[in-house]
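Heads up: the sequence lines are chains L and U, in that order. Under my numbering, residue 253 is the last one in the first sequence; the count climbs by one each step, no gaps. Under my numbering, residue 501 is the last one in the second sequence; the count climbs by one each step, no gaps.
I should point out that these hints are in silico values taken from the structure, not numbers from a laboratory. Some hints could be false.
[Stated by the list, open to error] Computed spacing ranges between beta-carbons, pair by pair: (1) L:E108 - U:L191: 40 to 50 angstroms; (2) U:R209 - L:E134: 17 to 27 angstroms; (3) L:A59 - U:P135: 37 to 47 angstroms; (4) U:G210 - L:T237: 54 to 64 angstroms; (5) L:A55 - U:P135: 38 to 48 angstroms; (6) U:A187 - L:Y11: 27 to 37 angstroms; (7) L:A55 - U:G72: 53 to 63 angstroms; (8) L:G137 - U:R209: 30 to 40 angstroms; (9) U:F214 - L:A59: 50 to 60 angstroms; (10) U:N104 - L:R248: 44 to 54 angstroms; (11) U:V53 - L:E108: 49 to 59 angstroms; (12) L:A59 - U:L134: 33 to 43 angstroms; (13) U:G45 - L:R63: 38 to 48 angstroms; (14) L:Y11 - U:N104: 17 to 27 angstroms.
[What the hints assert, rightly or not] Negatives, chain L to chain U, calculated, CB over 10 angstroms: (15) S106; (16) R130; (17) A196; (18) Q241.
From the three backbone atoms N, C-alpha and C, an ideal C-beta is built for every residue, glycine too.
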Amino acid sequence: MIEVTGLARRYGAAVAVADVSFRVAPGELLALVGGSGSGKTTTLKMINRLVEPDAGRVAIEGRDTATLEPHALRRSIGYVFQGVGLFPHLTVAENVSVPLRLVGWSRERIQARVSELLELVELDRPLATRFPAELSGGQQQRVGVARALAASPRVMLLDEPFGALDPLTRDRLQRSFDELRRRLGLTAVFVTHDVAEALVLADRIGVMRAGRLVQIGTPAAIAREPADDDVVRLLDTPRRQARLVAARFEAPS
Amino acid sequence: MSEQLALLPEYLSAHVRLTLLALAAGILIAVPAGILVSRVRALEGPVLGLAGVIQTIPALALLAVMVPLLSGLGLPGIGVLPAFLGLVLYSLLPILRNTVTGLNGIDRAVLEAARGVGMTESERLWQVELPLALPVVVAGIRTATAWTVGMATLSTPVGATSLGNYVFAGLQTRNSAAILTGCAAAAALALALDFLVRQMATGLGARRRGRVAFGMAGLVALAAWAWAVGGRDAGSAARPVRVGGKTFTEQYILAEVLAETVRRHTGREAQVLTGLGSTVVFDALARDEIDLYVDYTGTLWTTVMRRTSSSGSRAEALAAIRRWLLEEHGIVLAAALGFENAYCFAVRRDTADERRLRTLSDLARHAAQLTLASDYEFFSRQEWKSVERAYGLAFLERKTMDPSLLYQAIAARQVDAITAYSSDGRIAALDLVTLEDEKSAIPPYDAVVLAGPRLAREAPEVVAAVARLEGAIDPARMRALNRLVDEGGQSALAAARSFLE
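Produce the entire structure from the sequences given, and follow the hints as far as they go.
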């Protein structure tokens with residue numbers, strides 16, 4: 001479905017991404033994890049050409065993305081990111097319908113589709129006429145997801161979509177997104193620095209460090225044969241934190 | 001006052017036309033330029049810098065510089081065009097700067113989202129960037145609106161009718177009713193335009209179609225009124241005879257005298273275009289932008305013909321100038337009015353008595369202890385050089401001020417000597433002593449009516465009508481008329497009518 005080969009990108013002398021290759025099967029969710037500056041976001045943005053690669057190629061459903069107009073490519077891919085990036089001058093309904101208007105849908109079709117989408121991301125109907133500034137962070141992110149799903153893309157790119165949310169909201173959104181993407185059979189690449197999130201949502205995990213893909217595989221496979229000590233430590237963080245938390249609760253006060 | 005209000009439709013509608021045209025052009029240039037600058041960052045410094053430099057040019061100078069510039073290009077140098085161009089240039093900076101600021105200030109996440117959902121460059125501009133930058137752009141337009149309305153009052157000296165006609169004429173003829181009418185009308189217009197623009201902008205932002213429509217309708221109605229009034233003027237059968245005038249009392253009166261004479265004896269409509277710069281006005285006549293005005297032989301001799309030699313006696317000067325004007329420009333010297341308005345040096349009676357001043361030679365002996373004030377142009381004119389040379393005049397200090405303030409300054413003892421105009425009513429009113437030019441360093445300054453080449457060719461009856469004024473105004477008469485306006489508080493038109501009656 002998504003096939004990335006030898007992708008590389010520099011910013012001046014700094015190497016952001018070097019020789020990254022992976023494949024994402026139809027219906028699969030690949031989580032790219034790693035610290036800040038590991039190159040995961042740049043890799044993601046090269047898939048829909050928000051960043052142009054210096055070298056390498058990306059193919060989606062067998063088509064080289066370099067042969068497509070960038071805006072046409074992006075219209076066929078859902079994109080959600082941490083900043084949300086809702087258009088502040090447009091209502092919720094208008095934000096969600098932007099991708100549909102870009103491809104020239106009729107008014108009636110758009111209206112029907114927007115109601116469907118709001119229901120899909122569990123947003124109350126009355127919110128449709130509100131402006132983004134009037135919504136909570138969680139509601140805004142749901143609108144962002146609805147907008148990304150509007151044109152029924154088969155591929156979704158998500159860049160730390162739930163990073164800025166409070167833990168309860170994040171948990172709820174993670175679960176509803178997981179349910180949604182399985183139901184719709186979406187192929188997705190999901191960037192996060194939260195290993196627990198990656199373990200919960202991903203079919204496979206790609207670990208990035210200093211612009212390189214260090215290891216890729218199912219959580220179980222990586223746990224079985226970690227590439228190096230850093231990968232061991234990275235994957236162990238959620239468990240280590242859970243043990244610390246448990247110890248707190250058990251300690252006599 | 002009612003006489004002033006009668007002029008309001010003409011002045012206000014011209015002001016509105018000028019302002020709206022300049023603003024529309026300013027927006028059409030500055031907004032796209034701002035978009036370009038926000039796209040091509042390398043342009044930001046040079047473009048904003050250039051607009052800033054234009055802004056530092058004093059408004060009046062910017063308008064004045066348009067006159068020779070346009071004339072050099074063979075375009076009409078006086079009238080609406082130079083005023084329009086000056087105003088457009090002036091309105092650019094606030095709109096340009098705010099467009100750039102508004103576009104650069106948009107949240108980067110929103111711009112990334114616009115790319116991420118697959119917008120093309122132009123979709124992003126129209127659907128995201130411009131709507132979000134709109135409030136800031138509109139703030140710039142509102143600033144430009146206030147500036148343009150205000151600055152349009154300065155377009156009178158380049159020959160464009162505006163509310164400035166009230167202000168300039170009022171300042172020269174000490175008519176505070178006229179000044180107040182002009183200022184109040186300009187302020188009201190600025191407020192009204194700002195209100196309408198704000199209605200449209202807030203309506204767009206808050207999606208209140210009613211408000212947008214209200215603001216738009218207001219602007220359209222204002223424009224429709226302004227052009228309807230303008231169209232009525234232009235629609236009258238024959239083109240009116242355009243009578244020019246410079247920026248001092250006598251010129252305002254004589255322009256009205258000429259206009260009334262044309263109306264009474266030819267039945268043709270005459271339009272008065274006063275407050276023109278002294279050098280602008282001759283060029284305007286030579287190019288048929290005006291048809292008639294009064295100039296002075298001395299001025300023509302030195303600043304137009306650029307002669308440094310003596311022009312000889314009054315009669316010799318008249319004959320030489322008449323011939324030169326006809327041969328060089330096809331301009332007809334239609335009448336010599338019968339009085340001179342020469343530059344002369346005047347001092348207070350007490351100064352004259354104390355220092356025994358009677359002639360310019362006497363003045364030269366005391367000049368080192370005295371302060372001299374003159375109008376804007378005298379010190380750069382040939383007469384000054386010639387007087388300076390002939391008498392060796394060297395003053396303690398030389399000041400330049402508006403002609404209308406010279407008399408106040410000498411009366412208030414702020415200066416000791418002024419260059420007065422020999423026909424000025426205030427010489428007698430303030431009991432000033434004029435000093436004799438015994439070496440004839442200052443050429444004769446006979447007031448003469450000049451008729452432009454086209455008028456002379458196509459409307460001999462108009463030339464004949466004004467030729468009736470030959471010798472009709474002696475120096476005492478002119479001083480009395482000037483005094484009616486300067487001291488008596490009458491309008492130039494009223495003074496002109498009292499003369500013709």
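Honestly, do L:E108 and U:L191 meet the 40 to 50 angstroms range at C-beta?
Holds: the Cβ-Cβ distance is about 46 angstroms, inside 40 to 50 angstroms.
Non-interface claim for L:S106, where every Cβ of chain U lies beyond 10 angstroms
Correct as stated: the minimum Cβ-Cβ distance to chain U is 18 angstroms, above 10 angstroms.
Against chain U, does L:Q241 hold up as non-interface, every C-beta pair farther apart than 10 angstroms?
holds, 30 angstroms
Range hint 38 to 48 angstroms (beta carbons of U:G45 and L:R63) holds or violated
Hint holds: Cβ distance 43 angstroms, inside 38 to 48 angstroms.
Status of the given 54 to 64 angstroms range, CB of L:T237 versus CB of U:G210
Cβ of U:G210 to Cβ of L:T237: about 58 angstroms, so the range 54 to 64 angstroms holds.
Given the hint of 37 to 47 angstroms, check if L:A59 and U:P135 actually sit that far apart at their C-beta atoms.
About 44 angstroms separates the Cβ atoms of L:A59 and U:P135, which means 37 to 47 angstroms holds.
With 10 angstroms as the threshold, tell me whether L:R130 passes as away from chain U on beta-carbon distances.
holds, 13 angstroms
Whether the CB-CB distance between L:A55 and U:P135 falls inside 38 to 48 angstroms
holds, 44 angstroms
Do the Cβ positions of U:A187 and L:Y11 conform to the proposed distance bound of 27 to 37 angstroms?
55 angstroms Cβ-Cβ, so the 27 to 37 angstroms window is violated.
For the pair U:F214 and L:A59, does the Cβ-Cβ distance stay inside 50 to 60 angstroms?
Hint holds: Cβ distance 55 angstroms, inside 50 to 60 angstroms.
C-beta pair L:G137, U:R209: status relative to the range 30 to 40 angstroms that was hinted
Taking Cβ atoms as reference, L:G137 and U:R209 lie about 32 angstroms apart, which means the hint holds.
The hint says 17 to 27 angstroms between L:Y11 and U:N104; measuring C-beta to C-beta, is that right?
holds, 22 angstroms
Checked against the numbered hints given earlier, this structure breaks only hint 6.
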